[in-house]
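**Q** Sequence:
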Amino acid sequence: MSFDGIVTRAITNELNETIQSGRIMKIYQPTETELVFTVRSNRKKQTLLLSAHPSYARFHLTEDQYHNPKEPPMLCMLLRKHLIGGFIERIEQVDMERIVKFHIRTRNEVGDETMKTLIIEVMGKHSNILLVDEEEGHMLDSIKHLPPSQNRHRTIMPGQPYKLPPEQGKINPVDLDPDSFIRKLDFNSGKMDKQILNVVMGFSPMITKEIVHRAGLGGSQTVKEAYREIREIILNHAYEPQIHRAEKEQFYVIPLHAFSDDVEKFESVSAMLDDYYSGKAERDRVKQQAGDLHRFLKNERDKNKRKIKKHETTLKKSESAEEYQKLGELLTAHMHMVKTGDESVTVVDYYDPDQSEMTIELNPNKSPSENAQSYFQTYAKLKKSKEVVQIEIQKAEDEILYFDRLIQQVETAREEDIEEIREELREQGYLKKKPATKGNRKNKPQKPKPESFESTDGTLIYVGRNNKQNEYLTNRMANKMDIWLHAKDIPGSHVVIRDEDPSEDTLFEAAQLAANFSKSSRSSSVPVDYTRIRHVKKPSGAKPGFVTYDQQQTLFVTPDSTFIKRLKKKD
Numbered sequence: 288m289s290f291d292g293i294v295t296r297a298i299t300n301e302l303n304e305t306i307q308s309g310r311i312m313k314i315y316q317p318t319e320t321e322l323v324f325t326v327r328s329n330r331k332k333q334t335l336l337l338s339a340h341p342s343y344a345r346f347h348l349t350e351d352q353y354h355n356p357k358e359p360p361m362l363c364m365l366l367r368k369h370l371i372g373g374f375i376e377r378i379e380q381v382d383m384e385r386i387v388k389f390h391i392r393t394r395n396e397v398g399d400e401t402m403k404t405l406i407i408e409v410m411g412k413h414s415n416i417l418l419v420d421e422e423e424g425h426m427l428d429s430i431k432h433l434p435p436s437q438n439r440h441r442t443i444m445p446g447q448p449y450k451l452p453p454e455q456g457k458i459n460p461v462d463l464d465p466d467s468f469i470r471k472l473d474f475n476s477g478k479m480d481k482q483i484l485n486v487v488m489g490f491s492p493m494i495t496k497e498i499v500h501r502a503g504l505g506g507s508q509t510v511k512e513a514y515r516e517i518r519e520i521i522l523n524h525a526y527e528p529q530i531h532r533a534e535k536e537q538f539y540v541i542p543l544h545a546f547s548d549d550v551e552k553f554e555s556v557s558a559m560l561d562d563y564y565s566g567k568a569e570r571d572r573v574k575q576q577a578g579d580l581h582r583f584l585k586n587e588r589d590k591n592k593r594k595i596k597k598h599e600t601t602l603k604k605s606e607s608a609e610e611y612q613k614l615g616e617l618l619t620a621h622m623h624m625v626k627t628g629d630e631s632v633t634v635v636d637y638y639d640p641d642q643s644e645m646t647i648e649l650n651p652n653k654s655p656s657e658n659a660q661s662y663f664q665t666y667a668k669l670k671k672s673k674e675v676v677q678i679e680i681q682k683a684e685d686e687i688l689y690f691d692r693l694i695q696q697v698e699t700a701r702e703e704d705i706e707e708i709r710e711e712l713r714e715q716g717y718l719k720k721k722p723a724t725k726g727n728r729k730n731k732p733q734k735p736k737p738e739s740f741e742s743t744d745g746t747l748i749y750v751g752r753n754n755k756q757n758e759y760l761t762n763r764m765a766n767k768m769d770i771w772l773h774a775k776d777i778p779g780s781h782v783v784i785r786d787e788d789p790s791e792d793t794l795f796e797a798a799q800l801a802a803n804f805s806k807s808s809r810s811s812s813v814p815v816d817y818t819r820i821r822h823v824k825k826p827s828g829a830k831p832g833f834v835t836y837d838q839q840q841t842l843f844v845t846p847d848s849t850f851i852k853r854l855k856k857k858d
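Those letters in the sequence shown? Residues 288 to 858, by my numbering.
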C-alpha cells in the first residue's frame, strides 16, 4: 500500500468535487484515532472518514459504518462546538505532501462568522488531525499531542501556533518539468529509483519503481518519457484508482505495470480506499483488545491436548488389565505352591494351549492370598481407569473443539463481539465473573445482534459472529422453515436465510458467507451444509453454539471476501 503524495492529491481533488461547499451535520469519534463527519452536499449526505491510525492513516468518503461510544471524547465535543453547521470552503494539499487542510467557514458562540482549519497529516505513526483557528493561527486541539520535550522543531499542543513538519528539500513534480527532472539525476550512479525518491516530493518507492520499470533498459530519454507520463496524469488529474489483487494487495491511482495483472478498477479514489482499508483498522484494534483472550483460549486448548497425551499413556497401560486378572487367577489356582516370604512362583499357564510354565512376581511381605488379591485389585483399578480415561479423553476432545471455535470467532470478531465472547467464558466458568456493582446491575444484558447481509435479490441473510449470536440466531430468531447453513465439520458461524424457498443465487451467496466466516475462509472449494432450522438441534448439556443436524445437502464454494463486502446490509 502507498498513501503517498500522489494519492493525497487525487483524493483531495475528488473531495473538492464532491463535498466542497458541503455543510457539516454530525461529527463522531468512534476510536482514539478516527473521526467521522456527516457532510450534506449537493442534496446528499456523505460520510467523511479522517484517520490518524499509525498503520492505516487516511482520509476519504466511506460506506462503512462505525460504532460510536456512548460518551463522546473531549476532542469530539470540541469539534462539534466549533464545526457543526460549518461549510467546507475548500480543501487544499500542502504542495505534494501528505498534509491536507479543510478550510471551514463557521460561526462562533456570539454568531460571528469565523474560519477554522482542520488539518490531517498522513505520516505513518506520526499521523495527526489538528483543529486550527485561522485568525489566531494557533491550535485548538489535536488527536495526538507533541510537547517540546519530544520534538524541538514544533510543538503540537492547544494554544500553540501551527507549524508544518520540516521540509525535506524535494521538488514538487507540478513545478518540475521533465528536462529539469533529468538534470537532477546521475545516470552513472545507478539505483535510479532511489535517486528519484530523493528528488521528487510526494513520490513513494512504488511510483519510482514504476518509472524505472516503464523506462526499461533505456537511458535518460526513456526515464524522462516515463516521468513525463506520470507527471501528465498528476497535472490533469487523470487518475485510474485500482487495487492489484496479489498475495500482498497494492492500491494506487495510476496504472502500475510493474505489479500483478489481477487488477480491480474503481469509479472513485474513495471507493478504492474504502475497499482496501475496510475492516483493517478494526481488526487491528480487535487484535490488540483480544490479545489476552486469544492467548487464554490457545493455552486452554493446548492444556487439553496435554491432558489427552497423559490420558493416552494411562489408556495404554490399562490395556494390560486382562493380564493382571490372569495372574490373579493362576496364583489362586496354585495357592498350595506358595508360602509367605516367596518372591516368585513358577506355575503352569492353563490359558496357554501348550500349557507352558510362567513365573509370577510376588510381594514377600504379603501372604499368598494377599498377593492374589493385589493382582485382582490392580485389574479392577486398570479396568475402571480405562473407562474413566476414555470419558476424560472425549471431554478433552470436546473442549479442544470448543476452544477451536472460540479462537476462530476471536480471529474474525468485530469490536462488539469480543465482550460477548468474554461473557460466555464467564458463564462457562473459564473466566472470573465481574463483581456486582451499582453500575453494572443497572445494565441489562443486551440481546445478541447477528450481522445482517442482503443477497443480490434482496433476501435477508444473518450471520452469527460468536456462540451467543449463533444460539440466539438459530434457536430464537429464525423460523422453523428458514434455511440454516454451516461449513461442514469445521468451526464456523451459523448462517440463516430468512426465506423458506430462497433462490439458487441466494443459497450460493449464503454458502459463501458460511465459508468466509469459518476456519476455512482462505481455502478453496469449502463444503457447506444446509438444511431447514427445524432439523437443527442442540444436544442436552452441549457447549454453547454446538448443534447437530440432519437432512442436509452440501454445496462447495470458494470464499470471496470482496464479493461478501457487497452483500453487507446497512443498518
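These are computed hints drawn from the structure, not numbers from a lab.
Glycine residues also receive a C-beta, built at the ideal position from the N, C-alpha and C atoms.
Among the hints, erroneous ones may be present.
[Stated by the list, open to error] Here are the computed distance ranges between Cβ atoms for each label pair: (1) S308 with D473: 46 to 52 angstroms; (2) Q839 with K574: 32 to 38 angstroms; (3) T619 with D776: 32 to 38 angstroms; (4) M402 with K567: 31 to 37 angstroms; (5) K852 with H432: 46 to 52 angstroms; (6) D548 with D776: 32 to 38 angstroms; (7) G578 with E684: 37 to 43 angstroms.
[What the hints assert, rightly or not] Using 30 angstroms as the maximum straight-line C-alpha spacing, the simulated DSS-like pairs for lysine-lysine come out as follows: (8) K590 with K603; (9) K736 with K594; (10) K597 with K552; (11) K830 with K590; (12) K653 with K682; (13) K824 with K592; (14) K594 with K604; (15) K613 with K592; (16) K511 with K450; (17) K412 with K496; (18) K736 with K775; (19) K511 with K567; (20) K585 with K388; (21) K682 with K668.
**Q** Now tell me if each hint is right for this structure.
**A** Status of the hints after comparison with the structure:
no., hint, verdict
1, S308 with D473: 46 to 52 angstroms, "47 angstroms, holds"
2, Q839 with K574: 32 to 38 angstroms, "34 angstroms, holds"
3, T619 with D776: 32 to 38 angstroms, "50 angstroms, violated"
4, M402 with K567: 31 to 37 angstroms, "34 angstroms, holds"
5, K852 with H432: 46 to 52 angstroms, "36 angstroms, violated"
6, D548 with D776: 32 to 38 angstroms, "36 angstroms, holds"
7, G578 with E684: 37 to 43 angstroms, "27 angstroms, violated"
8, K590 with K603, "20 angstroms, holds"
9, K736 with K594, "36 angstroms, violated"
10, K597 with K552, "56 angstroms, violated"
11, K830 with K590, "18 angstroms, holds"
12, K653 with K682, "39 angstroms, violated"
13, K824 with K592, "28 angstroms, holds"
14, K594 with K604, "16 angstroms, holds"
15, K613 with K592, "34 angstroms, violated"
16, K511 with K450, "35 angstroms, violated"
17, K412 with K496, "24 angstroms, holds"
18, K736 with K775, "24 angstroms, holds"
19, K511 with K567, "37 angstroms, violated"
20, K585 with K388, "46 angstroms, violated"
21, K682 with K668, "21 angstroms, holds"
In terms of the numbered hints stated before, the structure departs from hints 3, 5, 7, 9, 10, 12, 15, 16, 19 and 20, listed from lowest to highest.
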